[in-house]
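Assemble the complex: chain A is given as a structure, and chain B must be docked to it using the hints.
Top to bottom, those sequences are chains A and B.
Numbered per numbering that gives the first Met the number 0, the first sequence spans residues 0 to 272.
Numbered per numbering that gives the first Met the number 0, the second sequence spans residues 0 to 358.
Please keep in mind that the hints were generated in silico from the structure rather than gathered at the bench.
For glycine and all other residues, C-beta sits at the position ideal for the given N, C-alpha and C.
Certain hints may be false.
[Unchecked claim] Far from chain A, by Cβ distances over 12 Å, these chain B residues were calculated:
id: 1; residue: Asn81
id: 2; residue: Leu82
id: 3; residue: Trp213
[Unchecked claim] In the SDA-like style, the derived pairs of lysine to any residue whose C-alpha atoms are separated by at most 20 Å in a straight line are:
id: 4; chain 1: B; residue 1: Lys121; chain 2: A; residue 2: Gly102
id: 5; chain 1: B; residue 1: Lys121; chain 2: A; residue 2: Ser117
id: 6; chain 1: B; residue 1: Lys244; chain 2: B; residue 2: Thr343
[Stated by the list, open to error] Partner residues aside, some chain A positions facing chain B, computed with beta carbon under 8 Å:
id: 7; residue: Asn126
id: 8; residue: Leu130
id: 9; residue: Glu153
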Amino acid sequence: MTDRVATNLATTAHQVREHIVGMCAGPEGGHLGGSMSLVEILTVLYFEVLRIDPVRPAAPDRDVLILSKGHGAICLYAVLAERGFFPAEELAEYARPGSRLMGHPIRAVPGVEMPTGSLGHGLALANGFALADPNRRCFAVMGDGELQEGSVWEAAMTSVSLGLGNLTAVIDRNRLQLTGPTEDTVGLEPLADRWRGFGWTVREADGHDFDALRAALEPGATDRPTVVIAHTVKGRGLPSVEGRAHSHYATLGTRQAERALAVLRARHRRATS
Amino acid sequence: MTEQSLHTRPDEPHPAKPSTKPATKSPSKPQAKPLPARSAREVYSALLPELMLADERLYCLDSDTGLFDVDAFAAVPGRYLNLGIAEQSLMGTAAGLAASGKTPFVTTMAAFAATRALEAIKIDIVYNALPVRIVATHGGLAAGHLGPTHHALEDLAVMRALPGLTVVVPADAAQAEAAIRQSAALPGPVYVRLGRKATPDVGGGAFEIGRAQWLRPAARPGDVAIIACGPHPVLAALRAADRLKARGVRAIVLNLHTLRPLDVDAVVAAVAGTAGAVTVEEHWRSGGLGGAVAETLAEHAPARVLRVGMPDVFARRAGGQDDLLDRHGITADAVVTAAINLITGFPGGGTDDPDLSRV
Numbered sequence: 000m001t002d003r004v005a006t007n008l009a010t011t012a013h014q015v016r017e018h019i020v021g022m023c024a025g026p027e028g029g030h031l032g033g034s035m036s037l038v039e040i041l042t043v044l045y046f047e048v049l050r051i052d053p054v055r056p057a058a059p060d061r062d063v064l065i066l067s068k069g070h071g072a073i074c075l076y077a078v079l080a081e082r083g084f085f086p087a088e089e090l091a092e093y094a095r096p097g098s099r100l101m102g103h104p105i106r107a108v109p110g111v112e113m114p115t116g117s118l119g120h121g122l123a124l125a126n127g128f129a130l131a132d133p134n135r136r137c138f139a140v141m142g143d144g145e146l147q148e149g150s151v152w153e154a155a156m157t158s159v160s161l162g163l164g165n166l167t168a169v170i171d172r173n174r175l176q177l178t179g180p181t182e183d184t185v186g187l188e189p190l191a192d193r194w195r196g197f198g199w200t201v202r203e204a205d206g207h208d209f210d211a212l213r214a215a216l217e218p219g220a221t222d223r224p225t226v227v228i229a230h231t232v233k234g235r236g237l238p239s240v241e242g243r244a245h246s247h248y249a250t251l252g253t254r255q256a257e258r259a260l261a262v263l264r265a266r267h268r269r270a271t272s
Numbered sequence: 000m001t002e003q004s005l006h007t008r009p010d011e012p013h014p015a016k017p018s019t020k021p022a023t024k025s026p027s028k029p030q031a032k033p034l035p036a037r038s039a040r041e042v043y044s045a046l047l048p049e050l051m052l053a054d055e056r057l058y059c060l061d062s063d064t065g066l067f068d069v070d071a072f073a074a075v076p077g078r079y080l081n082l083g084i085a086e087q088s089l090m091g092t093a094a095g096l097a098a099s100g101k102t103p104f105v106t107t108m109a110a111f112a113a114t115r116a117l118e119a120i121k122i123d124i125v126y127n128a129l130p131v132r133i134v135a136t137h138g139g140l141a142a143g144h145l146g147p148t149h150h151a152l153e154d155l156a157v158m159r160a161l162p163g164l165t166v167v168v169p170a171d172a173a174q175a176e177a178a179i180r181q182s183a184a185l186p187g188p189v190y191v192r193l194g195r196k197a198t199p200d201v202g203g204g205a206f207e208i209g210r211a212q213w214l215r216p217a218a219r220p221g222d223v224a225i226i227a228c229g230p231h232p233v234l235a236a237l238r239a240a241d242r243l244k245a246r247g248v249r250a251i252v253l254n255l256h257t258l259r260p261l262d263v264d265a266v267v268a269a270v271a272g273t274a275g276a277v278t279v280e281e282h283w284r285s286g287g288l289g290g291a292v293a294e295t296l297a298e299h300a301p302a303r304v305l306r307v308g309m310p311d312v313f314a315r316r317a318g319g320q321d322d323l324l325d326r327h328g329i330t331a332d333a334v335v336t337a338a339i340n341l342i343t344g345f346p347g348g349g350t351d352d353p354d355l356s357r358v
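This is chain A alone, in the form it adopts within the complex (with noise of 0.2 Å):
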């Protein structure tokens, strides 16, 4: 990669955060911690790695990406419209009465694969579309929390069960749920150890970084799945909120998100100064 690219994701993933501080300043606000720790990972899965045409979302040798966990529907439409599959003025009818932008993701969006929202449903459906066609990658990204719902760990077997070498999971491993640390609540360590026990290749990166993430998301054997552990920080890009679980979720008011803005573009501007 060169350094251009790197500037131009880190350019995009910027503009996906006042994205999700825009749609968090709406009517209805929305799921902000979650959404923040996402957004490195979603940004480089849908510039980089997965085959897919904004023109074409139902192409059938697309890729397939399955947000899981669906709570961070507003950098998913982020991401989509900045890739083309919509244009960014939609973003600003989010939540209103009438638009397609819901809470939780729909497929009536474009580049939406299916609904989701109830937690524990990805990881199942990316299996069947890894099944279905063994030429495409099929990608479920999950909350970390969400790995307490116990059908996770029902498709985790069956994923290892059928071989689906092209499919990857990835964990949005940002240690935090709605009422506080994963740790403090169901725990989840040690959770490579857990998906290696379970047969999948485990690596691990920071969910931050392109360069890892990159290589953490390159294809792995061929006859197992991979599990990617990003470790991330809820909130990201927001110092007053980063790493707290009350960022879960925000209603923001116009000089809240005004400020908000502002911490991110300074953020931004020394970062790629």
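Okay, now just chain B, sitting in the frame of chain A:
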């Protein structure tokens, strides 16, 4: 008295229960020839490999049911998959396949489909209007002595509440075969409820999903309309109609095998001019066939509806399917009693009445 056993297999003793009812002698018309008895689920398991051979989009997703002969799928490599004891994963995988242009047939027990896997059915399959065929065995009390964990007495209420899900309850093996074949051509999701053991064919001619069967058209208008779904209820309805005929009562028998889309015209026509409808189902009395008929009539042609079905209890004692049906009053006797009560205007018969059949 007890119901005559519907099963041809003698391996399940049918204990005689002391009767508290008056001895209404069954007409016991001798059959000219014994009706063939086949197991709908075995017919299905034999049919599916054949259908898969003809259509490469079809998959068989099993959940360790033991129903299928794996060797029968040798000609369709990779399309029979036993996904184990994991019904949520089963439904999700089916949805992913279906969203990729495949047509999966998913097999599990009705009890596990309707409750364990319900959210995956609702969100992954039905919400997306995907062409998954959910074939649920052991409907109603078919699991018999295995008990309430394996009985499915809410599945029809649950499934018919889901928008766009076709819900079919074939009354015999021939109808099951027709339903499975026809389901392959439907664009959306389908739930087919099968039983477990062999039951006699009920006849009635052509079977078409969404169109009720007039098993006893009678000379309309009849005195009462008996509306049933599923093998044992339909057989009970037919026997009840025979007994009523012996008493001079003209009973229409409608096999309302498809609960969604419901054949509203047939229900309204069957009940027109009668004292009302008796519904018969192997299901709790709330929300299933009786609920569908009551809703339909309330909106289109108000009439009294008495619902013969499982009272609001879980089975408390072991028993085969026949025994449990008899013990809980899903019988021709109960249908006859309900029909007479309708005609005579006898009150009672609410959902909460544990003794509808003994009114």
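Going down the list of hints, with the structure as the test:
1. Asn81: Answer for Asn81(B): violated, closest chain A Cβ roughly 9 Å.
2. Leu82: violated (6 Å)
3. Trp213: The claim holds: Trp213(B) sits with its nearest Cβ about 40 Å from chain A, beyond 12 Å.
4. Lys121(B) - Gly102(A): holds (18 Å)
5. Lys121(B) - Ser117(A): Holds, at roughly 11 Å.
6. Lys244(B) - Thr343(B): Status holds; Cα separation ~16 Å.
7. Asn126: holds (5 Å)
8. Leu130: holds (6 Å)
9. Glu153: holds (4 Å)
Against the hints set out earlier in the document, violations occur for numbers 1, 2.
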